[in-house]
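Chemist: Given next are the chains, with one letter for each unit.
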Amino acid sequence: MISLKAISIGHQVAELFTSRTDGVIHSVNKNSFYCLFPKKQMLLVYEKKYGGIPFGISLNQCSKDYFCDFGLRKNMHVKLRENYLYIPEGKFVLDLHGGRVWVSRIENNHIFSVSEVMSNLDYATKLSLMNGSMYGLGKLLFYQEHLICGKDVSANGLNSFCRFSIKPVSNLMAAIERNDFHLLERSAKKLIGLGMGLTPSSDDMLIGLFSTLYFFHRHIKFNYISSLANVLYFLSIGKTTLISEIFLKSVCQGERFEILDDAIMAVLSTSKDSLYVKIKKVLSIGSSSGTEMILGILLGIRLMLKILEAPIYKS
Amino acid sequence: MIRTIIRENDYHDSVFLMNIAEQVQEVEGVKQIVIVMGTETNKTLLSDLGMIDFQASTATTNDMIIALEIEKEEVVEEILIKINHLLLQKPKRDKEKINFPSLEMALTGLPEVNLALISVPGDFAANEAKKVIMKGIHAFIFSDNVPMAEEVELKRLASSKGVFVMGPGCGTSLINNIAIGIMSAVRPGPIGIVGASGSGIQAIAALIDRSGLGISQAIGTGGRDLSDEVGGITMMQGIEFLEADKNTKVLVIVSKPPGPKTLNRVLEKISQCRKPVVINILGGDRKLLEKSGSISASTLEEAAIQAINQVKGKGTGKSVRRDVPLRRKKKIISLINSEINKFGSQQKYLRGLFCGGTLCEEAILILKRFIDNLYSNVSLPNCLPLRDVNMSHENCLIDMGAEEFTKGRPHPVLDPEILKPRLWKEGSDPEVAVVLLDFILGYGAHLDPVGVLIETITSIKKRVREENRHLSIVASVCGTENDPQNLYDQENKLRESDVIVMPSSAQAAFLSGLIILEKGKK
Numbered sequence: 001m002i003s004l005k006a007i008s009i010g011h012q013v014a015e016l017f018t019s020r021t022d023g024v025i026h027s028v029n030k031n032s033f034y035c036l037f038p039k040k041q042m043l044l045v046y047e048k049k050y051g052g053i054p055f056g057i058s059l060n061q062c063s064k065d066y067f068c069d070f071g072l073r074k075n076m077h078v079k080l081r082e083n084y085l086y087i088p089e090g091k092f093v094l095d096l097h098g099g100r101v102w103v104s105r106i107e108n109n110h111i112f113s114v115s116e117v118m119s120n121l122d123y124a125t126k127l128s129l130m131n132g133s134m135y136g137l138g139k140l141l142f143y144q145e146h147l148i149c150g151k152d153v154s155a156n157g158l159n160s161f162c163r164f165s166i167k168p169v170s171n172l173m174a175a176i177e178r179n180d181f182h183l184l185e186r187s188a189k190k191l192i193g194l195g196m197g198l199t200p201s202s203d204d205m206l207i208g209l210f211s212t213l214y215f216f217h218r219h220i221k222f223n224y225i226s227s228l229a230n231v232l233y234f235l236s237i238g239k240t241t242l243i244s245e246i247f248l249k250s251v252c253q254g255e256r257f258e259i260l261d262d263a264i265m266a267v268l269s270t271s272k273d274s275l276y277v278k279i280k281k282v283l284s285i286g287s288s289s290g291t292e293m294i295l296g297i298l299l300g301i302r303l304m305l306k307i308l309e310a311p312i313y314k315s
Numbered sequence: 001m002i003r004t005i006i007r008e009n010d011y012h013d014s015v016f017l018m019n020i021a022e023q024v025q026e027v028e029g030v031k032q033i034v035i036v037m038g039t040e041t042n043k044t045l046l047s048d049l050g051m052i053d054f055q056a057s058t059a060t061t062n063d064m065i066i067a068l069e070i071e072k073e074e075v076v077e078e079i080l081i082k083i084n085h086l087l088l089q090k091p092k093r094d095k096e097k098i099n100f101p102s103l104e105m106a107l108t109g110l111p112e113v114n115l116a117l118i119s120v121p122g123d124f125a126a127n128e129a130k131k132v133i134m135k136g137i138h139a140f141i142f143s144d145n146v147p148m149a150e151e152v153e154l155k156r157l158a159s160s161k162g163v164f165v166m167g168p169g170c171g172t173s174l175i176n177n178i179a180i181g182i183m184s185a186v187r188p189g190p191i192g193i194v195g196a197s198g199s200g201i202q203a204i205a206a207l208i209d210r211s212g213l214g215i216s217q218a219i220g221t222g223g224r225d226l227s228d229e230v231g232g233i234t235m236m237q238g239i240e241f242l243e244a245d246k247n248t249k250v251l252v253i254v255s256k257p258p259g260p261k262t263l264n265r266v267l268e269k270i271s272q273c274r275k276p277v278v279i280n281i282l283g284g285d286r287k288l289l290e291k292s293g294s295i296s297a298s299t300l301e302e303a304a305i306q307a308i309n310q311v312k313g314k315g316t317g318k319s320v321r322r323d324v325p326l327r328r329k330k331k332i333i334s335l336i337n338s339e340i341n342k343f344g345s346q347q348k349y350l351r352g353l354f355c356g357g358t359l360c361e362e363a364i365l366i367l368k369r370f371i372d373n374l375y376s377n378v379s380l381p382n383c384l385p386l387r388d389v390n391m392s393h394e395n396c397l398i399d400m401g402a403e404e405f406t407k408g409r410p411h412p413v414l415d416p417e418i419l420k421p422r423l424w425k426e427g428s429d430p431e432v433a434v435v436l437l438d439f440i441l442g443y444g445a446h447l448d449p450v451g452v453l454i455e456t457i458t459s460i461k462k463r464v465r466e467e468n469r470h471l472s473i474v475a476s477v478c479g480t481e482n483d484p485q486n487l488y489d490q491e492n493k494l495r496e497s498d499v500i501v502m503p504s505s506a507q508a509a510f511l512s513g514l515i516i517l518e519k520g521k522k
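Going down the list, the sequences are from chains A and B.
Positions 1 to 315 (our numbering) are the ones given, in order, by the first sequence.
Positions 1 to 522 (our numbering) are the ones given, in order, by the second sequence.
Check each hint, because a few of them may be wrong.
Below, a sample of chain B positions facing chain A; criterion: calculated Cβ distance under 7 Å [unchecked claim]:
| id | residue |
| --- | --- |
| 1 | Ser14 |
| 2 | Val15 |
| 3 | Leu17 |
| 4 | Met18 |
| 5 | Leu45 |
| 6 | Thr61 |
| 7 | Ile178 |
Computed cross-link-like contacts, EDC-like style, restricted to lysine to aspartate or glutamate with a CA-CA straight-line distance of at most 20 Å [stated by the list, open to error]:
| id | chain 1 | residue 1 | chain 2 | residue 2 |
| --- | --- | --- | --- | --- |
| 8 | A | Lys281 | A | Glu47 |
| 9 | A | Lys126 | B | Glu417 |
| 10 | A | Lys306 | A | Glu177 |
| 11 | B | Lys348 | B | Glu431 |
| 12 | A | Lys167 | B | Glu40 |
| 13 | B | Lys420 | A | Glu145 |
| 14 | A | Lys126 | B | Glu403 |
| 15 | A | Lys280 | B | Glu128 |
| 16 | A | Lys239 | A | Glu185 |
| 17 | A | Lys40 | A | Asp22 |
| 18 | B | Lys493 | B | Asp415 |
| 19 | B | Lys519 | B | Glu491 |
| 20 | A | Lys190 | B | Asp63 |
| 21 | A | Lys249 | B | Glu40 |
| 22 | A | Lys239 | B | Asp13 |
| 23 | B | Lys246 | B | Asp228 |
| 24 | B | Lys161 | B | Glu112 |
| 25 | A | Lys74 | B | Asp63 |
| 26 | A | Lys239 | B | Glu40 |
| 27 | A | Lys280 | B | Glu104 |
| 28 | B | Lys342 | B | Asp429 |
| 29 | A | Lys190 | B | Glu40 |
| 30 | B | Lys261 | B | Asp245 |
| 31 | A | Lys189 | B | Glu112 |
| 32 | A | Lys239 | B | Asp10 |
| 33 | B | Lys425 | A | Asp152 |
| 34 | A | Lys126 | A | Glu145 |
| 35 | A | Lys126 | B | Glu104 |
| 36 | B | Lys275 | B | Glu243 |
No lab work stands behind these hints, which were simulated from the structure alone.
Ideal placement from N, C-alpha and C gives every residue a C-beta, glycine not left out.
Working from the sequences, and respecting the hints, build out all of it.
Modeler: As structure tokens, this is what we get:
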């Protein structure tokens, strides 16, 4: 029997435990596994290095083994009872006693210097290009300014996913800047679900992007952000993988992911103290997901800086 | 022929799937393979690629589509077996790679380590370097923006501990025949290099390799080591080390112009060496340098040839020309005449786009002999600064690896994409006659730098022809046949696109200068 202890528990998990419903393992990865419950409710069990997640339980994985080495397999029965998660067939128990409920801790007052942020954006780009995965949309990191300003991007040397997403990403940026719902719909439809793997690359980029937009929304009220995010969520229903849909739903509802918040704050911080560590942490998510999330974050920050340059926000 | 396989409710991460795709691609008869989840967008992508059939169009978002373009039906079964086998494999662990959460744990876990590569933001690099130096480990500091005072402190500490600090801002070294940073695959041999110039070290080492000889050690010092503030601490250590090293027969020293006090210290150290020392200091005073007993070389190529001659016992030989050894003189003259006869009357200027900083500076020094008003973003005496680095003016050489171009973008040695728009712009200028380019190969560099630019080169040549003009593109490739990019493959690609390829950056600059000079006389 494998028994592990929870470290932090997302606030949505508490609701799941109250309902005492049973589910199944949806998928098992190196550092995480997903459990699926009725009504598309998802529970993610993962290594603590990824920080707090609203529908996740993080744990200190003392063993060097991956979750797939524990004998956990897809479709195994998952039971939630009191403060325990059981997977009888996998002889696996997760004890929630002592785990703290994770709550986002973004400070509301955040002052930053534009020149410092620009320098941090450049540094984060370099770091991501050097350490990130280029299998998905990673190479679009080279073209952030082009995408924000709608300039032409040479497709030479880009993979099919990048080539296919240049125009929609560029349009998406314009849609957000202009608060244009129709353009958002047209571009998002071409992006949602695009890419390989469990969470398609474009979805990961959208997760990073909308996390960032909401981050700014907390400080400067861009009321239309939540409306745009709502459109995005409704467009994603049934159009991408289940896991991606759940992540997109969370982000579009303004839920926070600690690891992404840390990275956004590090880029906006006037000190470079933690930028390196925070960006590298995000890059370690999944196999290429982290790189695409960083792409979304960097695009989001550049876009918000552009919007904030507009006279209406300058003061 | 398109075949698709649908695996219901199957998920894998993208790198795992990409590895499978790469292995299946190797099966004979497979033209293309794409593995994606069955989302609407991915199905549209497959449709755009012409790789969708009815079966794939019915896949749901939770199904995995494996789309194959194959030459013959017979290979399908073999591919299916291979895919099933690969999908059943567990994700591979990186057995060779050990990750440690902190430097302290790495030092404890790997007690045999004697060199650490430090690549963290400049503000933190000194602190990390200090930790390894205190343990008696050599530090290769890739990070730049390390404060000068910290560099001095680190180097003094390292010197007292008997270890090297290569850097900060060190991009090239070859230690015990292992390339660190960006460096060509050169054979081991009797010539040791110590230098404060990454592209300079690499260019000399690559030319030596081409002659059949090799390198014992190449020690990068970092660009500021020879400033008077640092005092050439690593350079002095390097000279001492190579002088004592049994495998080194000849020393080569390469640097940008050093501080005057440091230069005197270095020359004094050289005067104590028993082994022959070849010295290449860009723009250095030959007489002053040779007073130390060293053999002075005005270009990187000359430094390589002088070192080779020393190993072969040919002395400083007259075979080495004091300027640039342009062999096959007749052929070169006929080449120059043929080029200038094709230019239009308006064409008179030279534009150079460089990846290597030292190669750009060397070209400026060579071209100053032919061209009076030379503009550049590089700050050198007698070289005019550009008002806007993005706008070339008259005769102009640009170091595209300079900070103003690489902010937020990779260095052009890592990704030459940045050169494309500029190359197009320069080539399109009706007053430009010659475009001078350099390409840098080696570990860590882009895997096909010529391939990235070849389309632009071809297009620009075509456009110029349509406008009844002629554009000379002169290039040099710094690398060896054993580099991952293969020197000869890269050079041949350029030649096939009507580019004049010279064996060294100095010769390329020299030829370009002569073309402009002769055109001016015409």
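Chemist: Taking the hints in turn, state whether each one holds.
Modeler: Cross-check of the supplied hints:
| no. | hint | in the structure |
| --- | --- | --- |
| 1 | Ser14 | 3 Å, holds |
| 2 | Val15 | 4 Å, holds |
| 3 | Leu17 | 5 Å, holds |
| 4 | Met18 | 5 Å, holds |
| 5 | Leu45 | 5 Å, holds |
| 6 | Thr61 | 5 Å, holds |
| 7 | Ile178 | 20 Å, violated |
| 8 | A:Lys281 with A:Glu47 | 12 Å, holds |
| 9 | A:Lys126 with B:Glu417 | 15 Å, holds |
| 10 | A:Lys306 with A:Glu177 | 8 Å, holds |
| 11 | B:Lys348 with B:Glu431 | 6 Å, holds |
| 12 | A:Lys167 with B:Glu40 | 17 Å, holds |
| 13 | B:Lys420 with A:Glu145 | 17 Å, holds |
| 14 | A:Lys126 with B:Glu403 | 13 Å, holds |
| 15 | A:Lys280 with B:Glu128 | 17 Å, holds |
| 16 | A:Lys239 with A:Glu185 | 13 Å, holds |
| 17 | A:Lys40 with A:Asp22 | 12 Å, holds |
| 18 | B:Lys493 with B:Asp415 | 18 Å, holds |
| 19 | B:Lys519 with B:Glu491 | 26 Å, violated |
| 20 | A:Lys190 with B:Asp63 | 19 Å, holds |
| 21 | A:Lys249 with B:Glu40 | 18 Å, holds |
| 22 | A:Lys239 with B:Asp13 | 19 Å, holds |
| 23 | B:Lys246 with B:Asp228 | 31 Å, violated |
| 24 | B:Lys161 with B:Glu112 | 17 Å, holds |
| 25 | A:Lys74 with B:Asp63 | 14 Å, holds |
| 26 | A:Lys239 with B:Glu40 | 6 Å, holds |
| 27 | A:Lys280 with B:Glu104 | 19 Å, holds |
| 28 | B:Lys342 with B:Asp429 | 16 Å, holds |
| 29 | A:Lys190 with B:Glu40 | 9 Å, holds |
| 30 | B:Lys261 with B:Asp245 | 27 Å, violated |
| 31 | A:Lys189 with B:Glu112 | 54 Å, violated |
| 32 | A:Lys239 with B:Asp10 | 16 Å, holds |
| 33 | B:Lys425 with A:Asp152 | 16 Å, holds |
| 34 | A:Lys126 with A:Glu145 | 14 Å, holds |
| 35 | A:Lys126 with B:Glu104 | 26 Å, violated |
| 36 | B:Lys275 with B:Glu243 | 7 Å, holds |
Figure legend: structure checked against the earlier numbered hints; hints not met, in rising order: 7, 19, 23, 30, 31 and 35.
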